[in-house]
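Just need the whole structure built from these sequences, with the hints factored in.
Spelled out from the first residue to the last, the chains are:
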Amino acid sequence: MQDRLDNPNLTPAATLCDHEVDGSLMSYGLAMANRYQNRAHENPNPFTGFEEQPDMDANELRQLLFGVMGKPENYKNG
Amino acid sequence: MFDKIGQIIFNNEIVANASDFNMGIEVETIRIDSAGRLTKEPYPKALGNQRKNHFIKTDVYQIQSEIITPTARKSLDAMHYLMALNDTLRNALEPNELLWPLSMPPVLPQDKSTIPIANVDPKQKAYYEKWIKTRSDTQGIPVGVHLNVSINDDVLKTVWQAVNDQYDSYADFVNFIYIKIAQGFDYYRWLITYLFGNSPIAEKNFFKPDADQPQHEVRSIRSSNYGLTSDVTHNYRSVPDYVKNIEANIASGALFSEAEYHSSVRLKTMHGDLTDMIKNGTQYIELRMLDLDPTTALGVRTSAIRFFRILLSYFMMMPTLESDEKINLKLEQGRAMNEVVALESPTQQTIYHHEAQTFLDQLQLFGAQIQWGPNTKKSWIPCRIDSITQI
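Here the protein sequences come in this chain order: A and B.
Take the first sequence: its letter number 61 is residue 61 in full-length UniProt numbering, and every next letter is one higher.
Take the second sequence: its letter number 344 is residue 344 in full-length UniProt numbering, and every next letter is one higher.
Heads up, some of the hints might be wrong.
[To be verified] Derived Cβ-Cβ restraints for the label pairs, each shown as a range:
id, chain 1, residue 1, chain 2, residue 2, range
1, A, Q53, B, P122, 23 to 29 Å
2, B, H354, A, N45, 51 to 57 Å
3, B, Q333, A, N9, 26 to 32 Å
4, B, V163, A, T48, 45 to 51 Å
5, A, N9, B, H354, 15 to 21 Å
6, B, K123, A, N7, 45 to 51 Å
Hints listed in this document are in silico derivations from the structure and should not be mistaken for laboratory results.
All C-beta atoms, glycine included, are put in the ideal place defined by N, C-alpha and C.
Okay, here's the thing in structure tokens:
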């Protein structure tokens, strides 16, 4: 955080402005959106449990996402 | 250095427990099509019934998807949930859909009435329709990150054993700690806006051509008065004052309900019952000031969460910022500073640089102090925070 304070060019807003084209961030936003979407599609087994059980509670979600012994280990009920 | 609560935490060697928090993370995003227009697709079929799904919902508008992680006992576990749910949402989108990575929306249609309100239950939908009519036609569209945080029960119980003769009830004690944290975040929001503000421009059609709007890039439109604000009074002197203030705003017609109190810091109970908060204590605090971080698919980085954890510990263990009589004035000053910082040019040194440096130095000192126990060289903190400013 010290570097951001020392040099405002390193703040997130300033860094984002570097991607402006003609006063717009549309091309940057779309590029990042596509990058993240492509990365998500690389997951061979995305979680699909909501289609059959949309109203699952937090405990059911934890077990389905991470397995009974899986992370996050210190799940708080409720 | 610490106040009484902080000293008890320090002396009882529970700093490690007190420097992590139960946390749930909410990340809102806007669904778009492959050309960057707002999506026309309904709620993703693969996520089931949108009125039943507790973890991936829609916000005010149908185009706004909101991931709500369960509460995890460690803040970084909440990030694990966020990763899994983010991946789930992306894989549930239609082939031509994407998630817009910025807080400010992409180019909007000229006619905002074509943006559909969320298909939630009729009562909620009626509320959204009523709410939108009281706002500008774009005010509810920017999105961001909210952190829902509660203090570890073991920490509260340990401290309570040492101070129970100084409070009328356990609820009063809990409320004192939460209001102290709320005051800290409300005042120092300007610093968070400087360090994390990430909404410098608005795309076409967000502002009407003749409307008042920023004339240059800024740090955060969303965190400024051009963002989502409530034209209401604030009172963070105590939890009863906080509750009475919201109730007074509702009674005067300035707010429809507690849910409309769009302050950057909100005190909460699980069921939204304000009166219960006075009687039985605050259950968690909601921090709503983070803009989306477009450099990560998740919208928020672990380093930001770590910084918030340190702020939470600091505000919990250190003395209140100001006396009860003067605290609201101090917080008003902090809100005015936030407005200045939010609308500064992003490449400009903030006019509050000196104040920011002083506070970062205090945080650094605090980190160094809690890194080591009262009598030994044993490090309490599993995750080293000896160089906070390097986060």
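> Hint numbers the structure violates, sorted upward?
Replying inline: none
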